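**Student:** Read top to bottom, the protein sequences are chains A and B.
At position 264 of the first sequence (counting the first as 1) the number is 264 in our numbering, and the numbers step up by one without a gap.
At position 87 of the second sequence (counting the first as 1) the number is 87 in our numbering, and the numbers step up by one without a gap.
Be careful, since some hints might not be right.
What the hints assert, rightly or not - Here are the computed distance ranges between Cβ atoms for each label pair:
| hint | chain 1 | residue 1 | chain 2 | residue 2 | range |
| --- | --- | --- | --- | --- | --- |
| 1 | B | Leu174 | A | Arg53 | 47 to 55 Å |
| 2 | A | Gly60 | B | Val49 | 43 to 51 Å |
| 3 | A | Pro353 | B | Leu36 | 18 to 26 Å |
| 4 | B | Pro152 | A | Ala317 | 12 to 20 Å |
| 5 | B | Pro152 | A | His316 | 28 to 36 Å |
| 6 | A | Gly161 | B | Leu36 | 36 to 44 Å |
| 7 | A | Thr264 | B | Gly100 | 43 to 51 Å |
| 8 | B | Leu174 | A | Pro45 | 50 to 58 Å |
These aren't lab readings, by the way, just hints derived from the structure by calculation.
Given the structure is predicted, the values throughout are model-derived calculations rather than measurements.
Ideal placement from N, C-alpha and C gives every residue a C-beta, glycine not left out.
Below, each chain spelled out in residue letters.
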Amino acid sequence: MLTTGEHAVAQGTQSSSELETRLEAGAVMSSKPGTLPLGALAFTPGFRYANQRLSASARGAAWLGGKNWQLGDGGATLEAFTPLLYGVRAELAANAIRSFHDPTVQNDQLDAQGRLHLMRQRGGVWLGSGVARPLRVAAVSNVNVSSGGIWTKFGPATIRGSVTSFFFTKIAVDSADNTAENSTPVCPTHPAAAAEPTTAAFVGAAAPIGCRHQSRLTDLEGTVHWQHRLMEVTVRGGQRFGDRLDVTADSRQWASATAAVWITSQLAAVAGGGREPAQPTRGLPARSFGTLGVMLAYWPIPRGTVPVETPAALVHAFEMRAAGAELQRITARIGGVETVEIMGDFTDWTPIPLIRRGRDLWELLVPMAAGMHQINLRIDGGQWIAPPGVPAIKDGFNGEVGVLVIRQ
Amino acid sequence: MSALRRTIGPLTLLLASAASAAAQDSVLPARELDPLARLNVATRYSVEVMLDSAKMLGLPTRVLESTALEGIAKRADGRRIVTQVRLVFRSLRDARAALGLSASTDELTAAAGALRVGITNAELSYLARTRHEKQLTVPLVVLADLVTRGVPRDTASQTIFQLWQRGAADDDFLGLWRGVERDIVSGTAPGVALLNRAREIPTRGSPPAAPPAAPGARPERSENPNL
Numbered sequence: 001m002l003t004t005g006e007h008a009v010a011q012g013t014q015s016s017s018e019l020e021t022r023l024e025a026g027a028v029m030s031s032k033p034g035t036l037p038l039g040a041l042a043f044t045p046g047f048r049y050a051n052q053r054l055s056a057s058a059r060g061a062a063w064l065g066g067k068n069w070q071l072g073d074g075g076a077t078l079e080a081f082t083p084l085l086y087g088v089r090a091e092l093a094a095n096a097i098r099s100f101h102d103p104t105v106q107n108d109q110l111d112a113q114g115r116l117h118l119m120r121q122r123g124g125v126w127l128g129s130g131v132a133r134p135l136r137v138a139a140v141s142n143v144n145v146s147s148g149g150i151w152t153k154f155g156p157a158t159i160r161g162s163v164t165s166f167f168f169t170k171i172a173v174d175s176a177d178n179t180a181e182n183s184t185p186v187c188p189t190h191p192a193a194a195a196e197p198t199t200a201a202f203v204g205a206a207a208p209i210g211c212r213h214q215s216r217l218t219d220l221e222g223t224v225h226w227q228h229r230l231m232e233v234t235v236r237g238g239q240r241f242g243d244r245l246d247v248t249a250d251s252r253q254w255a256s257a258t259a260a261v262w263i264t265s266q267l268a269a270v271a272g273g274g275r276e277p278a279q280p281t282r283g284l285p286a287r288s289f290g291t292l293g294v295m296l297a298y299w300p301i302p303r304g305t306v307p308v309e310t311p312a313a314l315v316h317a318f319e320m321r322a323a324g325a326e327l328q329r330i331t332a333r334i335g336g337v338e339t340v341e342i343m344g345d346f347t348d349w350t351p352i353p354l355i356r357r358g359r360d361l362w363e364l365l366v367p368m369a370a371g372m373h374q375i376n377l378r379i380d381g382g383q384w385i386a387p388p389g390v391p392a393i394k395d396g397f398n399g400e401v402g403v404l405v406i407r408q
Numbered sequence: 001m002s003a004l005r006r007t008i009g010p011l012t013l014l015l016a017s018a019a020s021a022a023a024q025d026s027v028l029p030a031r032e033l034d035p036l037a038r039l040n041v042a043t044r045y046s047v048e049v050m051l052d053s054a055k056m057l058g059l060p061t062r063v064l065e066s067t068a069l070e071g072i073a074k075r076a077d078g079r080r081i082v083t084q085v086r087l088v089f090r091s092l093r094d095a096r097a098a099l100g101l102s103a104s105t106d107e108l109t110a111a112a113g114a115l116r117v118g119i120t121n122a123e124l125s126y127l128a129r130t131r132h133e134k135q136l137t138v139p140l141v142v143l144a145d146l147v148t149r150g151v152p153r154d155t156a157s158q159t160i161f162q163l164w165q166r167g168a169a170d171d172d173f174l175g176l177w178r179g180v181e182r183d184i185v186s187g188t189a190p191g192v193a194l195l196n197r198a199r200e201i202p203t204r205g206s207p208p209a210a211p212p213a214a215p216g217a218r219p220e221r222s223e224n225p226n227l
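Same shape as in the complex, but just chain A:
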């Protein structure tokens, strides 16, 4: 499928550079109606680089079924983002995807899409539109995709919901093995008999039961991702709406779950299973699947440790004033951002969000005894910086820290 809500969530939580490499190895089983289950040993390497403006990822799979290795599912994605301004961010994304179910069912697709995100600290919405070009399938037009979604966070859980609508033209065939449910003729028996020539038309006299058919279908999908300590669980479910020709009975609902348990910081056991819907735009049937394996992950650039952008210029003012005995009022003027946090020795280096008091005014009262203190400031989850207007020194962790001397 072209669209999920994961990009929005990723952008909501991700703000520094990271480079992640993964290798999954394990057994994969899948089945589709009318065929025997297909079992294979799969090795799936992948990498992902992301910073605030750009994200690039690629993933491929080598399957060993029987004696032969087969290039399986794979894809590459490039995404570019505008800076977050007043909680709004635009995104452009391009994908190249290859899907492989078995030697007779495989497909390639290129797609591009644009999205507009409205983000808050614990949730957001997005709207998007794009176009996809499947290759080697019965769709004879590009696929127009419109999507919208919402995401929010509840503690360690992230909940997403999305609606995605697909519109495309395909070659429909009235075949002899139509089921009773799907027995309605797709194509008119003669051009003159076509009730709606704009939606069904002959493609040739020599093909009496093949015609162009304009398809629309809409997917409603929900996902819950829960992460706590060493465990990550993702549960996904969906419902498809459309006419009987476009939505077969085995693709009206789907559900799946995957779980990863981190054994060490770089090794996880992974298991999952469920049902995936058909992808009619790409000629891929519905299937059930199960996976069991291990995943090796390595972060050559650890998350959040590489400075990518210093937003100090965004800070128009930063002040601290005594607000009582051992109490300081921190005031910052920073426009066009969603979150401002501080941390320091006086918070045991726990990030504390400032409270928005106006369009660009942020405040916080903090207990701070007289003496020397260290302080860092963070804007929209970015790099920790020394607040402007405060002496600073290197912190020993690839950054700087502000030094305050509070007088008695």
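Add chain B to chain A, keeping to what the hints say.
**Tutor:** Below, chain B alone, put in the same frame as chain A:
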């Protein structure tokens, strides 16, 4: 009666909102009973060994603990955290040796920061000998910041020492720092900015004494490779 209810309702809501907003003014979490529990076992062991050593030497352990917590917050790996805590421990110990037993925790912390940017033990000792009950914290914080911003180390230390000798107060040092920061942002070379701004500060004490001997020697370091 209903009018009274109509008035009281919104007022109650308003007061509740104000109380809620006031409560949100300060949202610091309670201090964890064992903040170092966030470290992995090996890192924690190394840090606790240094905390014990600091206790025995009478050094402020809170500074070391804070450094470890800072490393955790900034997602540094355990090795990096141990290295940095060890560096701070050594610099605190050297600062104590240079400033003497009478130095406050803040002075020690500031002096340790100055040592880490290249100020020598000899220079710190010189400052300590001429302190006359004055607090060294602000001059040392400003000195460390200036070197961090690119002012040549010798220029920064000699200028700060001369101002110190001339009786400059904390506000003078902070004013100097603000001026230098503005000039650097405007494009002035850091060393030139400092010398220009230092001339603006009036003499408040005795005339400048001879600056400390050129500090060629590095501060003495521990012979124990584990510390």
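**Student:** Which earlier hints can't be squared with this structure?
**Tutor:** Hints 1, 4 contradicted; others consistent.
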